[in-house]
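Chains as they are written, first to last, in the UniProt record's numbering: chain A, 1 to 336; chain B, 1 to 336.
Mixed in with the good hints there might be a few duds.
[To be verified] Straight-line Cα separation of at most 30 Å, BS3-like style, residue types lysine-lysine; simulated pairs: (1) B:Lys143 - A:Lys282; (2) A:Lys143 - B:Lys143; (3) A:Lys143 - B:Lys282; (4) B:Lys143 - B:Lys168; (5) B:Lys168 - B:Lys209; (6) A:Lys143 - A:Lys282; (7) B:Lys282 - B:Lys143.
[To be verified] Far from chain B, by Cβ distances over 10 Å, these chain A residues were calculated: (8) Glu189; (9) Gly274; (10) Leu276.
These are calculated hints, taken from the structure and not from any lab test. Here a beta-carbon is modelled for each residue, glycine too, at the ideal position from N, C-alpha and C.
2 protein chains.
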Amino acid sequence: MATPNRQVRLGARPVGLPTAADWQHTTEDVPEPGDGQFVVRAEYVSLDPAMRGWMNDARSYIRPVRIGEVMRAAALGRVTASNHPDFAVGDHVTGTFGVQEYAVSDGRGVIRADPARAPLPTYLGVLGLTGLTAYFGLLDVGKPRAGDTVVVSGAAGAVGSVVGRIAKHLGCRVVGIAGGPDKCRLLTEDLGFDAAIDYRAGDVRAGLKEHAPDGVDVYFDNVGGEILDHVLARLRLGARVVLCGAISQYNATERPAGPANYLSLLVNRASMTGMLVFDYEKRYAEGMSVLADWLAAGVVTASETVVDGTIDDFPEVLLKLFAGENTGKLLLRIAD
Amino acid sequence: MATPNRQVRLGARPVGLPTAADWQHTTEDVPEPGDGQFVVRAEYVSLDPAMRGWMNDARSYIRPVRIGEVMRAAALGRVTASNHPDFAVGDHVTGTFGVQEYAVSDGRGVIRADPARAPLPTYLGVLGLTGLTAYFGLLDVGKPRAGDTVVVSGAAGAVGSVVGRIAKHLGCRVVGIAGGPDKCRLLTEDLGFDAAIDYRAGDVRAGLKEHAPDGVDVYFDNVGGEILDHVLARLRLGARVVLCGAISQYNATERPAGPANYLSLLVNRASMTGMLVFDYEKRYAEGMSVLADWLAAGVVTASETVVDGTIDDFPEVLLKLFAGENTGKLLLRIAD
Chain A
1 MATPNRQVRL
11 GARPVGLPTA
21 ADWQHTTEDV
31 PEPGDGQFVV
41 RAEYVSLDPA
51 MRGWMNDARS
61 YIRPVRIGEV
71 MRAAALGRVT
81 ASNHPDFAVG
91 DHVTGTFGVQ
101 EYAVSDGRGV
111 IRADPARAPL
121 PTYLGVLGLT
131 GLTAYFGLLD
141 VGKPRAGDTV
151 VVSGAAGAVG
161 SVVGRIAKHL
171 GCRVVGIAGG
181 PDKCRLLTED
191 LGFDAAIDYR
201 AGDVRAGLKE
211 HAPDGVDVYF
221 DNVGGEILDH
231 VLARLRLGAR
241 VVLCGAISQY
251 NATERPAGPA
261 NYLSLLVNRA
271 SMTGMLVFDY
281 EKRYAEGMSV
291 LADWLAAGVV
301 TASETVVDGT
311 IDDFPEVLLK
321 LFAGENTGKL
331 LLRIAD
Chain B
1 MATPNRQVRL
11 GARPVGLPTA
21 ADWQHTTEDV
31 PEPGDGQFVV
41 RAEYVSLDPA
51 MRGWMNDARS
61 YIRPVRIGEV
71 MRAAALGRVT
81 ASNHPDFAVG
91 DHVTGTFGVQ
101 EYAVSDGRGV
111 IRADPARAPL
121 PTYLGVLGLT
131 GLTAYFGLLD
141 VGKPRAGDTV
151 VVSGAAGAVG
161 SVVGRIAKHL
171 GCRVVGIAGG
181 PDKCRLLTED
191 LGFDAAIDYR
201 AGDVRAGLKE
211 HAPDGVDVYF
221 DNVGGEILDH
231 VLARLRLGAR
241 VVLCGAISQY
251 NATERPAGPA
261 NYLSLLVNRA
271 SMTGMLVFDY
281 EKRYAEGMSV
291 LADWLAAGVV
301 TASETVVDGT
311 IDDFPEVLLK
321 LFAGENTGKL
331 LLRIAD
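Same shape as in the complex, but just chain A:
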């Protein structure tokens, strides 16, 4: 008798925050793996701000998820059946398996996760695309030097927290921007940031003046919107702005305002550059190796918010991301 496979599919293009009506929940039989294929059962599903963009019908760096298609997602799971020479039953793997309990894969883009080396969730976090985004974005685009002032927004989030730790390791002064006193405490007390600015408490501009008195050399932006604009006004000569995300804009229903202070780039001969981790695929091994060493040495720390549930809880858990309820990587752990 075939095993049922619960799936969450995109039901409609959301306007603003996704609602229950934007999703379809379906059940299919788990297919038998063909030649060169294997089946993986999801244990952790990754929740990422970028998902909101994939739901829009807009030209972007990746094609939109189609209506009726299983929602795209990275996940970590265990191989339950295999006709693939390189993957055996019981192996832990990560890949773009989608929001479903079981996925069939031919191994392309799949990375092995070794639970003996690091806890499984870290393979979706610090040792996964999240950590790699921080690693390549900060080092390759931000180009921080010891003594630089590095500001990161979404600093208590999955990417931001790793960015801050790496920047500290490189001898930078690190200022995090996050929402709420708990997150700000996490930054300064647990993650070793030099200062934290609570954007919900009010004046980001004054906070930047206080905590980055000589200006900002590197800004790693995960949020966009007004905060980006405030930081632009404080750039230092030759500053680098890394555009990694804009979570404040993803659910906007009106055309968001652009960064009015962009001419600070001209005055300060600064640059603002978009980065996507997928462009670094050939260097993933390098990044993962360094991050694994850093994780072992305590340079970076694994930080996750794990929500227990079933695959059907995905739509609700996704909203936690946009409400800023997580610190570190947000994961849905699928009950057995």
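Knowing the structure of chain A, use the given hints to seat chain B on it.
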């Protein structure tokens, strides 16, 4: 008997376009040059969009002109008296001599102009900071490759026209954005641009779609505002936006809107980088040498709008710049 020196000074900080009330016209005696100094009589005064920024009391790449101070300006003139070992009476020189008939200089930042090698006005245009801005901005920041689509705004202006010619020389497809049919005709018929978009005629967006169907690899921006936003929406993967100026914004009396499409930088892993020619001072000789060769070979062409008048006409001539009445470099030629 001392010679009178007519001067134009900043009288007040303008709001919006400068008016007559923002200027003071004064007369002083031409001073005797001290030891190591010389006196130069202005023959051409340069008019540049950046001047509007210097009139504001705002932190920028250069200190604002003070109220009551002679307005800052580059000029070309002839040495009329000298106690400087390197400059003799009769020499032609360019420098930041200000909006006045006579200036005293110690030779710092002064560049010799040889009328036997090129017509005098070119030393403020193609062979001056204008040409150097195009040269370093396009090559160093824009990094065009043969086959790239290069879009330049303010394309009929001093910097833009040189940018377009250099890009053509490098084998790029060059699209200019300018105001009015005459300027557009100049671009395609005289300057060899592949296409021109008349922003005054209307739809820049449609024009970009037509003339840069595969998207934009390099955008050299002299104007900012809506045009920048339209081009951002058409960037190609890995595009480079060179922020050289924003003439559409300089006289704004309200806080201008930022480029709402800035997230195109993220989607396309593109960069937007500010450039100022002053950062390339150590390479001026290199740039001038290449530009002189290119001028002789017809790769770049000298294009100037020369207005005859007295130094007191400066305020009025400056307005021509913001009305877009010039093509190429705008110069005020001072009558003897």
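To see whether the hints hold, each was checked on the structure:
Pair hint Lys143 (chain B) plus Lys282 (chain A) holds up; C-alpha atoms about 24 Å apart against a cutoff of 30 Å. This hinted pair checks out: Lys143 (chain A) and Lys143 (chain B) have alpha carbons roughly 19 Å apart, not beyond 30 Å. Under the criterion of a C-alpha separation no larger than 30 Å, the hint pairing Lys143 (chain A) with Lys282 (chain B) is consistent with the structure, at around 24 Å. At roughly 13 Å between alpha-carbon atoms, Lys143 (chain B) and Lys168 (chain B) fall within 30 Å of each other, so this suggested pair holds.
Using a Cα cut-off of 30 Å, the hinted pair Lys168 (chain B) and Lys209 (chain B) holds, with the two alpha carbons roughly 20 Å apart. A hinted pair counts as satisfied when its Cα atoms are at most 30 Å apart, and Lys143 (chain A) with Lys282 (chain A) qualifies at roughly 19 Å. Of the pairs offered as hints, the one joining Lys282 (chain B) and Lys143 (chain B) holds, with about 19 Å between alpha carbons and a cut-off of 30 Å not exceeded. Here Glu189 (chain A) stays apart from chain B, with its beta-carbon at least about 32 Å from theirs, past the 10 Å limit.
Its closest Cβ contact with chain B, about 4 Å, brings Gly274 (chain A) to no more than 10 Å, contrary to its assignment away from the interface. Against the 10 Å criterion, Leu276 (chain A) falls within the reach of chain B, whose nearest CB is about 6 Å from its own CB.
The structure shown violates the earlier hints numbered 9 and 10.
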